[in-house]
Amino acid sequence: MIAILDYGSGNLRSAERAFATTGLDVVVTSDRRTAIEADGLVVPGVGAFAACMKGLNSIDGASIIRARLEKARPTLGICIGMQILFALGNEHAQEQPHRGVGIWPATVSALKAPIVPHMGWNTVEAPKASILFAGINTESFYFVHSFAAKESVGLMQTWTTYGERFLSAVEDSYVCATQFHPEKSGEAGLALIRNWTKTL
Amino acid sequence: MSLSIRIIPCLDVTDGRVVKGVNFTNLIDAGDPVEMAALYGKEGADELTFLDISASSSGRETTLEIVRRTAEQVFIPLTVGGGIRTVKDVDRLLRAGADKVSINTSAIARPELIAEIADTFGSQVLVLSIDARRARTESGFEVTTHGGRQGSGLDALTWIEKACSLGVGEILLNSMDADGTRAGYDIGMISAVRAITTVPLIASGGAGTLADFAAAIDAGANALLAASVFHFGIHRIKDIKSYLGSQNYPVRTVATF
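Chains as they are written, first to last, in the numbering used here: chain Z, 1 to 200; chain A, 1 to 257.
These are computed hints drawn from the structure, not numbers from a lab.
Predicted model, so just to flag it, every value in this text is computed and none were measured.
Beta carbons are placed, not taken as given, at the ideal position from N, Cα and C, and that holds for glycine.
Any given hint could be a false lead.
Cross-link-like lysine-lysine pairs, in silico, DSS-like; alpha carbons within 30 Å at most [said to hold, decoys possible]: (1) Lys128(Z) - Lys42(A); (2) Lys88(A) - Lys54(Z); (3) Lys54(Z) - Lys128(Z); (4) Lys88(A) - Lys112(Z); (5) Lys198(Z) - Lys162(A).
Here are a few chain Z residues that face chain A, going by a calculated C-beta distance under 10 Å [said to hold, decoys possible]: (6) Arg13; (7) Gly47; (8) His118; (9) Ser173.
Take a look, some chain Z residues computed to stay more than 12 Å from chain A by CB distance [stated by the list, open to error]: (10) Arg17; (11) Arg33; (12) Asp39; (13) Ser63; (14) Arg73; (15) Ile80; (16) Asn90; (17) Pro105; (18) Ala106; (19) Thr123; (20) Met156; (21) His181.
Given the sequences, and given the hints that come with them, work out the whole structure.
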């Protein structure tokens, strides 16, 4: 069973339907026990970093993610759901960055590009051993964001260039994340979701 | 590699049916929005836009249901516009499965709506749709309302700068002079808007030949929206993409797995 973490962040229906195409049961939940016990947990997120952390903290979401890591259960962050896994985010807070969950020791900062948000379909540079991008490393994925992490963290990194090079995905044993939206990336996105669910 | 130019079919919907002439031979039920959305998705549309032109509240409810059904089977971004006046209207659409909303007349009437939506859901959900025409305003471009039938007196560039400062994430620029002519996009208008804004720009109105699409990109458009050229099968999405690809513009080709 896959749980999609509901912490008040936007439209979860698309994510629910996209993950359901794998044939697995999908629940949208903010229940702590369900989120910890699920075979796979998806942490989505839209909007601003601080607003998402506030929502996550309201259900003690950071401890849910850490509990899953301790129990070696896969978690997948998407978009802002990826960004909040980092230590710090300086969206609307240049001087004193907001604290994230802190799985990876890097800061999420503004993307330096002439036109932002980075909106639309872009390609990725995935490592050969990637599990998420197996068979789909030449495809495009749908991005909508103005901030990103730019330092190398985790076991495997996938990069995308828009104005500058940033992390478009991280694979780090039981916690993975994508800056783009696999649930909105057509057939390629659904293939990535299938690749992830094979690890559950 | 780089960010692809987005090709966006627009479906005008009223009371559950696609209006505007539809003449698409491969579709059995040519006016069903969910069926058309699925077909365009398969053909390589990079996003889809539904414009709800229903006059009645029951028509709006029907559109919500169409958005729900589309979002269940088409996994590409979906923008919905038409009749959005409040944050609550946006919330309903996002919950139904829309990824973005576009606002037009309601933002002209009450610009604070832009900040209200952006503060609640983030700028990335908000597309400012502008119907502009050439006129004797400061920049030479005027915002129109009521589908281009009424001038507002508002200068288009002044309005865009204000809307961007309030938090729109993207601009959909419709040329009312070019709309329906198939004589090409209003290149001067696209360039003028590109020069004053750093958010993504979707060009609309006037697409006729394949070269028209390339000219709009050269003028600064990041995405190209069209309705009748797709509905009438004048250009298939894949033909536009293969033309643009041959001219070295970045486009996404559709994967099959």
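Hints versus structure:
1. With a C-alpha separation of about 28 Å, the suggested pair Lys128(Z) and Lys42(A) falls inside the 30 Å cut-off, and the hint holds.
2. The suggested pairing of Lys88(A) with Lys54(Z) holds, with an alpha-carbon distance near 21 Å, which does not exceed 30 Å.
3. Taking the CA atoms of Lys54(Z) and Lys128(Z), the gap is near 37 Å; set against the 30 Å cutoff, the hint is violated.
4. The suggested pairing of Lys88(A) with Lys112(Z) is violated, with an alpha-carbon distance near 33 Å, which exceeds 30 Å.
5. For the suggested pair Lys198(Z) and Lys162(A), the alpha carbons sit about 48 Å apart, so the restraint of at most 30 Å is broken.
6. Given hint, Arg13(Z) at the interface with chain A, holds; its Cβ is 5 Å from that chain's nearest Cβ, closer than 10 Å.
7. The interface hint given for Gly47(Z) holds, since its Cβ lies 4 Å from the closest Cβ of chain A, which is under the 10 Å cut-off.
8. The criterion of a C-beta within 10 Å of any C-beta in chain A is met by His118(Z), whose closest approach is roughly 7 Å, and the hint holds.
9. Of the supplied interface hints, the one on Ser173(Z) is violated, with its beta-carbon coming no nearer than about 26 Å to a beta-carbon of chain A, more than 10 Å.
10. For Arg17(Z), the condition that its CB be more than 12 Å from all CB atoms of chain A is violated, with the nearest at approximately 5 Å.
11. The Cβ of Arg33(Z) lies farther than 12 Å from every Cβ of chain A, with a closest approach of about 25 Å, so its non-interface assignment holds.
12. Distance check for Asp39(Z) against chain A: the nearest CB is about 22 Å away, which clears 12 Å, and the non-interface claim stands.
13. At roughly 26 Å from the closest C-beta of chain A, the C-beta of Ser63(Z) stays outside 12 Å, upholding its exclusion from the interface.
14. The claim that Arg73(Z) lies off the interface holds: its Cβ sits roughly 25 Å from the closest Cβ of chain A, which is beyond the 12 Å cut-off.
15. Not every CB of chain A is more than 12 Å from the CB of Ile80(Z) (nearest about 9 Å), against its label as outside the interface.
16. Annotated as non-interface, Asn90(Z) keeps its C-beta farther than 12 Å from every C-beta of chain A; the closest such distance is 16 Å.
17. Non-interface call for Pro105(Z) relative to chain A: holds, since the shortest CB-CB distance, roughly 26 Å, exceeds 12 Å.
18. With a least CB separation of 22 Å from chain A, Ala106(Z) remains clear of the 12 Å interface cut-off, as annotated.
19. With a cut of 12 Å on Cβ distances, Thr123(Z) falls inside the contact zone with chain A, its closest approach being about 4 Å.
20. At the 12 Å boundary, the C-beta of Met156(Z) stays outside the reach of chain A, the nearest C-beta of that chain being 19 Å off.
21. Some Cβ of chain A comes within 12 Å of the Cβ of His181(Z); the nearest lies about 8 Å off, and the non-interface call is violated.
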